[in-house]
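With these hints in hand, go ahead and build the complete structure from the sequences.
Protein chains: 4
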Amino acid sequence: MLKEKLYRHLEPSAWLERGMSPTNIVVSICIVIASCLAIIETEKPLADAHHNLFFVFETVFFIIFAVEYVARVYAAGEELRYRGFWGRIRYIFSFWALIDLIALLPYLLWFGNYNAFFMRILRVIRIFRLARLGRFSLAMQAFFNAIAQRRYEFVLSVIFAFALLLFSSAILYAIEAPYQPEEFGSIPRALWWSVATLTTVGYGDVTPITGLGKFFAGVTAIAGIGMIAMPTGIMAAAFSDAYQTTKNLSDMEREERELYIKKLSDHKSDP
Amino acid sequence: MLKEKLYRHLEPSAWLERGMSPTNIVVSICIVIASCLAIIETEKPLADAHHNLFFVFETVFFIIFAVEYVARVYAAGEELRYRGFWGRIRYIFSFWALIDLIALLPYLLWFGNYNAFFMRILRVIRIFRLARLGRFSLAMQAFFNAIAQRRYEFVLSVIFAFALLLFSSAILYAIEAPYQPEEFGSIPRALWWSVATLTTVGYGDVTPITGLGKFFAGVTAIAGIGMIAMPTGIMAAAFSDAYQTTKNLSDMEREERELYIKKLSDHKSDP
Amino acid sequence: MLKEKLYRHLEPSAWLERGMSPTNIVVSICIVIASCLAIIETEKPLADAHHNLFFVFETVFFIIFAVEYVARVYAAGEELRYRGFWGRIRYIFSFWALIDLIALLPYLLWFGNYNAFFMRILRVIRIFRLARLGRFSLAMQAFFNAIAQRRYEFVLSVIFAFALLLFSSAILYAIEAPYQPEEFGSIPRALWWSVATLTTVGYGDVTPITGLGKFFAGVTAIAGIGMIAMPTGIMAAAFSDAYQTTKNLSDMEREERELYIKKLSDHKSDP
Amino acid sequence: MLKEKLYRHLEPSAWLERGMSPTNIVVSICIVIASCLAIIETEKPLADAHHNLFFVFETVFFIIFAVEYVARVYAAGEELRYRGFWGRIRYIFSFWALIDLIALLPYLLWFGNYNAFFMRILRVIRIFRLARLGRFSLAMQAFFNAIAQRRYEFVLSVIFAFALLLFSSAILYAIEAPYQPEEFGSIPRALWWSVATLTTVGYGDVTPITGLGKFFAGVTAIAGIGMIAMPTGIMAAAFSDAYQTTKNLSDMEREERELYIKKLSDHKSDP
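Chains as they are written, first to last, in our numbering: chain A, 1 to 271; chain B, 1 to 271; chain C, 1 to 271; chain D, 1 to 271.
Hint data in this document are derived by calculation from the structure and do not stem from the laboratory. Here a beta-carbon is modelled for each residue, glycine too, at the ideal position from N, C-alpha and C.
Derived pair list, reagent style DSS-like, types lysine-lysine, alpha-carbon separation capped at 25 angstroms:
1. Lys44(B) <-> Lys214(C)
2. Lys214(B) <-> Lys44(D)
3. Lys44(C) <-> Lys214(A)
Across the chosen pairs, the derived CB separations fall in these ranges:
4. Pro178(A) <-> Val56(D): 27 to 33 angstroms
5. Asn113(B) <-> Pro45(C): 55 to 61 angstroms
6. Phe162(C) <-> Met140(A): 33 to 39 angstroms
7. Ala131(A) <-> Ile102(B): 39 to 45 angstroms
8. Phe117(A) <-> Leu101(D): 45 to 51 angstroms
9. Glu17(B) <-> Phe215(A): 55 to 61 angstroms
10. Ser94(C) <-> Ile89(D): 55 to 61 angstroms
11. Ala223(A) <-> Phe85(D): 40 to 46 angstroms
12. Trp86(B) <-> Phe162(C): 38 to 44 angstroms
Over the 10 angstroms line for every Cβ pair with chain A, so calculated as not near, a few chain B residues:
13. Leu6
14. Ile33
15. Phe65
16. Arg83
17. Trp96
In structure tokens, the structure reads:
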């Protein structure tokens, strides 16, 4: 009974009522707060001044997330494929469970003395914890499904973008190399200029200085419009087509899920 | 009779003829002129040279808007919900009436000696007065309704944008922190670079200097295309679908409004 | 007979065959070459070195365009509304005829000694001559008609853009004025930063330096995405809807035109 | 028999099974690796340190591509139009065969002592070799066909973009020339600023300094939104319309191709 109740509260797709279960709402809020703390803590003066406070909060959130993790592993047994000891092992290696585990690890940051780069990596992982929120959003999955239907066109536009990046940096390398060896001395170096121009970011730290270089830079900048226009156009078409589909799908999914869970509970109440 | 006439002239949705009532056109022009003056006045040499002229204009517009405000409160009684003393109190705390009141306050700026920051805030409020024009545009409401129908997708793309902002600044912080502590020393600091890159603004005041940092900056810039493409695509789809809907809606609204006002006047002519 | 033939060759909508008449093709090429020369001539060292050559070319093109202008005025008599002396006067004051006349004037640049600014203005007018090509494109008119059908939404998005520009520069003025009086000392000054940020151009010559200023600059940059997304979305919707319409329209126009000209020639062959 | 087998393996449209033939997959991988090496080799310190290694790899890839080229010329005889000696000559001058030949030439780079610029050009040609991959993608052709259907609108928006570029640089030249003669001293010079602004790249190396110049620069930046919005809108409409068409077309093409090849083999088994 407890296992079933836990499963209902923890597994978003098993929650029959509208929205998220109260347990998952609490967990989500904890994730957001813990991530905000992790972001603020990277500001060194603040971290040094309130070292103990940060440690206390981090410990509290570690305990909450550890308990949540154990509960998830326990409750996973409700699903047929994760039943028994080996089922649980299989669950631990499932995508979202791995994310949960990785999100727990950076707590070790507080113990031992690592080198500075590794410390920063651990801090960053604590922010990637936010990705755990993705599990709760059935809606986001429908959204990305809509985009995924056009993955073929997206792949082609990515290939096209890469070709543009390479060709424009190759041309600028051929023209500007002797005048700015540090910035255009090789194609990989010219890529930094190329990506800033084609995405229309345009930092301006590297710009061509020869007349011919400026001409091809202008052509590249205009081609950059195409590089923005292509994925935007594909996405506009995807959303235009997927509007009704998304709606219907989410309705269908809900019905199916309800049927599935009803069957599950019928099956259980049988014996 | 005067109250009804005032109501017809002041409440845009009660005006039966095409376009805006002459009274509201005059008020709109006054708002635009007053805002232009407020903008020009922030240029200190001009404000000092023509101090008295600005004061006279400001006083004239204050009187006009104060009279308009009192007239609106009086005329609001035409609507059932704002009838009587308590109804007027309720009207004063309604959204647009509050905006009107706030827009009147900065006139106090001329009396008393405040600190410089508060003075600038008061000046800025005088420009936000332009928002009052929003009340007159029934069309703009239809326009935003069309966008609002896709609010779900917009919220998702905002969440996606926030995730991109956080993750890209977290990665650049991990890589660039020791080389540019002032610009990338913490995640909140790296956010300034991140927002400039992902929105493709690209000021260029902060750029990565390490090879790895430039690589991830390039990836971020390309991801920034997606951040622009997503809302653009959603908006394109919204406008494509909403074209007929908007037309039909505005027709329906007009009919309904006419019916409502006809009923109102029938009701009044009864006794 | 000559007048009718001239009219057929000069008036694009009177040309019955596919494409442009040979006369108009020659005129178009002359316009393009003359404009290219005018562009190159602004480069002072080149203009000084080949002063006589430029003068000869300019004279030749002036004669061609002057002859063309006189021929157009003469041929305009084919149309009923431009018949007779007063009709010709009316034609001279029609839109495209005025453009033609203005395009002839900068030839005077070569005679007399004007101040430098006026000289540059005259040179620029010679480039605006390119606008004369607009007359030849019936297609471009159909294209802009398609966009014009959404003018209502475009106007709203322009108003929205102006509001964003004003509000963002007002906020940055309030925050940054004491720290960068030269760049943010008044709202008109802050507008330069504001327009560069909201259009995602991001020159980087002016950036906020305070923390609060950077925060609102980030919000402005994100709002800038909306400022780009809105017209793009409207345009996408316009083109999506107008595809068939444009085709049908241009077919209809051609038929109508042919009928009109047939009628015209029938009318003439009557007496 | 060998010739037919070679033709089936080398000509992408003659491959009956799903995807690419194993031979073409190997060739594609070789092209990608060879191009990556060519990119890395432009980094001088690396090229100098591993000169011999690069030479060995380059020789191996040259032999592979030379063999492939000869095989393609031989196998081309399967097609009627390329049969016999003169047919082969005709094949050698066909588009993709010329690309293949040009891609082979830069190997000569290793022998003889050219001037530096020519060397860089040869290196760049080795990267353009990537364009050879285009031949293998029947899908990409369908993709570009979808875009090509709107070529008419694209041409108009390119003309519009050119007009904007010219007019904005002409205006800025007229205003800024005396203050920044190096950057705005002629229209071709002002074009560099103009293209950076209208594409919203905004390097920031050249910006107007006069008030009037800044005003028109702001107008240009806002017009730049239109320059991005137009092709994006057209592309969005193209993809929205072409979704089903593309699918149907590729299905039809496959059927047609199969029929064609079946007929070819029937024809051969006849005698």
